[in-house]
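Peer 1: Sequence:
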Amino acid sequence: MKRNNALLGRTALFALSVAAFSWPANAQTPEQIHKQAIVIDPHVDVVATAKVKAGTTIDAGTQIDVAKLKKGQVDAIFPSVFVEQSARTPEGYAAARKEADAKLAAILDIAAKHPNDVVIARSAADVEKAAAAGKTAIVVSFLNAYALGKDPTALKAFYDNGVRVFGLVHAGNNDFADSSRPHARDKAGENHGLSAAGKQAIALANDLGILVDVSQLTTEGFNQAIALSRAPVIASHSGVSGVVKSARNLTDAELDAIKANNGVVGIVAFSSYLKQQTPEVEAAVKAVRQKYGAVNGYEGLTQAQRDALGKETAALQVRASVDDFAASIDYAVKRIGIDHVAISSDFNHGGGVTGFED
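Residue 345 in our numbering is what sits at position 345 of the sequence shown, and the numbering runs on without skipping anything.
Any given hint could be a false lead.
Calculated cross-link-like contacts (lysine-lysine; reagent style DSSO-like; alpha-carbon spacing at most 30 angstroms) [said to hold, decoys possible]: (1) LYS113 to LYS129; (2) LYS113 to LYS98; (3) LYS291 to LYS187; (4) LYS98 to LYS199; (5) LYS286 to LYS245; (6) LYS70 to LYS129; (7) LYS129 to LYS199; (8) LYS259 to LYS199; (9) LYS156 to LYS245; (10) LYS259 to LYS35; (11) LYS199 to LYS187; (12) LYS70 to LYS187; (13) LYS199 to LYS156; (14) LYS98 to LYS187; (15) LYS199 to LYS245; (16) LYS98 to LYS35; (17) LYS68 to LYS129; (18) LYS129 to LYS156; (19) LYS156 to LYS98; (20) LYS187 to LYS245; (21) LYS68 to LYS311; (22) LYS35 to LYS71; (23) LYS150 to LYS187; (24) LYS156 to LYS113; (25) LYS129 to LYS35; (26) LYS245 to LYS259; (27) LYS156 to LYS291; (28) LYS187 to LYS156; (29) LYS245 to LYS291.
Label-pair restraints from in silico Cβ distances [what the hints assert, rightly or not]: (30) GLY337 to GLY293: 27 to 37 angstroms; (31) HIS192 to ASN116: 47 to 57 angstroms; (32) THR153 to ALA283: 39 to 49 angstroms; (33) ALA260 to GLY189: 40 to 50 angstroms; (34) LYS70 to ARG289: 36 to 46 angstroms; (35) ALA260 to LYS291: 42 to 52 angstroms; (36) PRO115 to GLY72: 14 to 24 angstroms.
Just so you know, these hints were derived from the structure itself, not from any lab. Backbone N, C-alpha and C define an ideal beta-carbon position, used for all residues, glycine too.
All chains should be modelled from the sequences, with the hints used to inform the complete structure.
Peer 2: Structure below.
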């Protein structure tokens with residue numbers, strides 16, 4: 001019975017995220033639609049870990065600060081406990097877990113510092129109560145199982161502390177899943193999609209009542225995750241390959257699978273996944289990354305080098321516009337229906353969309 005209740009709760013939270021982007025029957029204007037709907041942003045990030053470790057408030061002055069959430073009438077956000085993929089060594093796993101714990105504490109601290117405006121939501125009912133009270137609900141997500149080491153059962157501790165969304169992988173393979181953006185050192189298809197640990201993690205997420213996030217997976221891993229999950233999944237921050245060809249974006253077949261699963265895709269406001277670059281630009285960006293030694297993500301780069309790399313690559317690329325963003329949203333809606341499409345800001349990490357800065 002406990003397992004069934006968890007699945008029902010997970011499905012309820014998911015259904016709420018779908019309902020958030022449905023068209024209220026009595027709404028006439030965009031403003032009225034926005035006001036009457038439960039508005040959910042299914043993927044945002046917190047600030048750089050260095051600032052979290054320094055004890056800096058993670059919300060003040062960022063793209064998702066409390067004042068902006070209130071002004072924008074955002075009812076819920078899914079901030080991510082995210083760590084970058086690095087070396088799979090005891091030291092690497094320990095550092096990743098320490099970083100994940102720090103980010104989780106920082107996310108929980110937002111609600112502690114702003115109890116009149118923000119609340120941690122552990123269920124769909126919590127989100128609805130927060131919206132009725134005029135507060136923004138924080139549904140804590142988790143991205144990259146690297147922070148779990150090799151132990152899928154470590155997910156339980158994060159669940160106990162509020163995590164309700166689980167993404168298995170980011171850029172670079174880990175011990176749970178293959179990434180759609182593997183690092184240079186990774187063995188291609190080493191997990192054949194999902195490893196045994198990845199499959200066990202999905203089963204545990206289902207048992208606990210955690211949404212499985214299929215963003216960032218390879219097609220093989222994506223298909224396995226959907227087949228294994230006993231509840232709907234979410235692709236919280238993805239684009240569509242029908243608009244921009246990218247291993248990171250979802251194919252038409254993957255969009256169709258999300259619809260069949262009764263899931264949702266959050267179209268992400270990340271320029272690289274919304275605006276197709278020319279082969280010449282892509283080659284130039286690759287050359288810049290090689291110049292800085294960014295072959296395994298940003299591993300080994302100082303913050304100054306990361307910033308410089310970001311500026312150089314941004315100067316090469318043609319930025320996406322809000323129209324480009326809308327085109328990807330529209331493509332997904334036409335393909336699988338509005339009930340299966342959400343809008344994901346990826347604020348504090350993604351971006352580059354002109355006119356969609358906050």
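Peer 1: Each of the hints needs a verdict: does it hold here or not?
Peer 2: The hints, checked one at a time:
no., hint, verdict
1, LYS113 to LYS129, "19 angstroms, holds"
2, LYS113 to LYS98, "22 angstroms, holds"
3, LYS291 to LYS187, "23 angstroms, holds"
4, LYS98 to LYS199, "24 angstroms, holds"
5, LYS286 to LYS245, "16 angstroms, holds"
6, LYS70 to LYS129, "16 angstroms, holds"
7, LYS129 to LYS199, "33 angstroms, violated"
8, LYS259 to LYS199, "21 angstroms, holds"
9, LYS156 to LYS245, "36 angstroms, violated"
10, LYS259 to LYS35, "26 angstroms, holds"
11, LYS199 to LYS187, "19 angstroms, holds"
12, LYS70 to LYS187, "45 angstroms, violated"
13, LYS199 to LYS156, "15 angstroms, holds"
14, LYS98 to LYS187, "26 angstroms, holds"
15, LYS199 to LYS245, "28 angstroms, holds"
16, LYS98 to LYS35, "39 angstroms, violated"
17, LYS68 to LYS129, "20 angstroms, holds"
18, LYS129 to LYS156, "25 angstroms, holds"
19, LYS156 to LYS98, "16 angstroms, holds"
20, LYS187 to LYS245, "23 angstroms, holds"
21, LYS68 to LYS311, "26 angstroms, holds"
22, LYS35 to LYS71, "11 angstroms, holds"
23, LYS150 to LYS187, "17 angstroms, holds"
24, LYS156 to LYS113, "26 angstroms, holds"
25, LYS129 to LYS35, "16 angstroms, holds"
26, LYS245 to LYS259, "21 angstroms, holds"
27, LYS156 to LYS291, "41 angstroms, violated"
28, LYS187 to LYS156, "29 angstroms, holds"
29, LYS245 to LYS291, "25 angstroms, holds"
30, GLY337 to GLY293: 27 to 37 angstroms, "44 angstroms, violated"
31, HIS192 to ASN116: 47 to 57 angstroms, "49 angstroms, holds"
32, THR153 to ALA283: 39 to 49 angstroms, "44 angstroms, holds"
33, ALA260 to GLY189: 40 to 50 angstroms, "25 angstroms, violated"
34, LYS70 to ARG289: 36 to 46 angstroms, "39 angstroms, holds"
35, ALA260 to LYS291: 42 to 52 angstroms, "44 angstroms, holds"
36, PRO115 to GLY72: 14 to 24 angstroms, "20 angstroms, holds"
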